[in-house]
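Chemist: Top line first, the protein sequences correspond to chains A and B. Quick note: the first sequence, position 394, residue 394 per the working numbering, numbers continuous. Quick note: the second sequence, position 269, residue 269 per the working numbering, numbers continuous.
Treat the hints as calculated values from the structure; they're not laboratory data.
Covered by chain A, according to a simulated footprint, are these stretches of chain B (three or more residues, beta-carbon under 8 angstroms):
1. 21–29
2. 36–46
3. 105–116
Here are some chain A residues pointing at chain B (derived, C-beta under 7 angstroms):
4. VAL99
5. THR100
6. GLY101
7. ILE107
8. LYS110
9. GLY122
10. GLU126
11. PHE134
12. ALA138
13. LYS144
Just so it is clear, CB atoms sit at the ideal spot from N, CA and C, and this is done for glycine as well.
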Amino acid sequence: MMKDDVILKVENLSKQYRLGLVGTGTISHDFNRFLARIRGKEDPYLKIGESNDRSTKGTSEYVWALKDINFEVKRGEILGIIGKNGAGKSTLLKILSKVTGPTTGAIKSKGRIASLLEVGTGFHPEMTGKENIFLNGAILGMTKKEIASKLDEIIEFSGCERYVETPVKRYSSGMKVRLAFAVAAFLEPDILVVDEVLAVGDAEFQKKAIGKMQDISSQGGRTVLFVSHDMGAIQNLCSRLLVLGIGKIDYDGEVKKGIDSYLNGYNILFDSKGFVHLEKPKNTTCFVKSISLLNKDSQITNSIFMGDLLTLLFDVECKSKLDDFEISVFVRLSNGEKIFAIKSSEQLNSKLNVSSNFNLKIDINDMNLMPNDYFIAIAYAIDSVNVLRQEDCIGFKILPNIVSKSNKIINATGEMVFFNCDYTLIYD
Amino acid sequence: MQQKWLFVITPKTKLIDLNLKEVWQYRDLLMLFVKRDVITLYKQTILGPLWYLIQPLFTSVIFTLVFNNVAGIQTGVIPPFLFNLAGITTWNYFKECLTATSDTFKKNEQIFGKVYFPRIIMPMSIVLSNLLKFGIQLLILIAFYLYYALYAGAAIRPSEYLFLFPVLVLCMGMLGLGLGMIISSMVTKYRDLTFLVSFGIQLLMYISLVVIPLSLFQEKGVEWLVMYNPMGYIIEMARYLLLNEGNISQFGIIYTIVSSILALLFGIVIFNKTEKTFIDTI
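Pulled out of the complex, with its shape left as it was, chain A reads as follows:
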């Protein structure tokens, strides 16, 4: 088998969507299209359309979810695809898996493509696990004989042996994913498309699933397209990375570099350096409007010196009286690795009572994280009910600084935290 054998080729692929409601106006557009077609002309609505930037108000009701995408995938490659919400990842996968057609352009493939179903789609809740294995396998394109010959392996891999004769509606969501993944893993397509399914399932299973995907590509010589927000998994698994911007390819190449360039793109989340607005979640009387990061001089910033004070300032809009407001802050590395969490429920010995709009200030003294880029996720809950969890909503940089008594700048050699210690010499 040739190593640089191109198995999948995407050429000038574009996909246009119409925004807004389907109503009577749609009929007139359909009619114009029909007129153009019978006169042998091009679809008049293909010439218009804007890039799909959801935050700006557009003038056209047509947007391009994907615009002139070109790339090739070689046999045996594990291609990671990342991108912000709305970048077109799902659209691309949908076209690849033939769920919807492209507006223009073409995809050429030398192998069977199969996509991994999201949690339990295609499972019938009333049927047993075993029956669902057959059904799901057949949906994915296997014949009954193929499935029967692999049934024992599938059941073993899923780890749901005890439940195979039980209706799937009695399964936990994790078990459904296990079963779904197990079926797909033994599918043996030439190209496997995986879309963020691994988010569910426990650590043990995720490890198993990632291992299986590596096996699929290294031993089976098969190709995997893997879409995820989990930078850790992408880094572990993929041999090449594609970063999608709004409808176009921003980056195509080496994985680590790609993740870095993608996460640096997060800077657009910073309103004016270290200040970010959050969207209002639905159905809540109380929500965090914005977060800002302050340095020891109370200036808004997104970079502080190692060892200094870092202040998080939350601007909260509150329209009713609440007895129990909890807020948690999670700090992570760019690859998703968790560093620490601050939870108001753990840090305070009484609950936060709030009644009207307020600002909440959290001071983190002695920020002894090593110089690096960090990202903050926040979550808050009212009366122990989670309102919102926002991943990577703001980032900050720790700059090198003199923090030890030696007056030396600490150089990180892969460590993440620094502690100042007291040394005492003791002789007998």
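Based on these hints, arrange chain B on the given structure of chain A.
Modeler: The following block gives chain B in isolation, referenced to the frame of chain A:
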């Protein structure tokens, strides 16, 4: 290097793009869908598959009471109950095929949005699983048939053309599948049709000769009401084959077969056109 592609995905579609080879490859899926429909329909019910029998029986009892006893519709030598049961059993097959297939895209949005398989498998499986249901209902019809013929002494006998009954079932299948696919394709964009189907099918029953024989329409001079309805001919022919009662004409036979085939072809064309991008509009 010579590039040989296994398949190419492009926006252009041919008018008739029914890839029969692909459908054949997915035949196991077709059978599994049929199995799924059959075994899951009455899960967690006490009477289970008995419901298959209760529906036509009760409807026939009510129809007999209302139309024959109260309204006084004559059915000749045929016992009214058997007359109605034969009509309803046949009609039900068409009705179930049409209503279930007309919902194909909307009902399966979830799974269609995630994975590709020839979409036509889904409506085909519905027509097939209903065939099984129809078979069970035919058994109950036969049971009552025998009861009336042997114990009640009714002068009934099947027509010598009874062997043509499967052709009639095939016509109904094609008609239900074809119309259902047309409707399901249009429903993806304009939901109005959903409302039309649910009450339209009720109205259609009355002009499909299910309870009122063709002779009565002719007698009252309103034959035009049923003349252009292929289902009317099918029900009348079904009763002719089963009970040797009713009028059939050469025109009716040809009209039924031609319109069934046309409905199916037209359905396939529209369905194929829709399946590629319906997920964007539904």
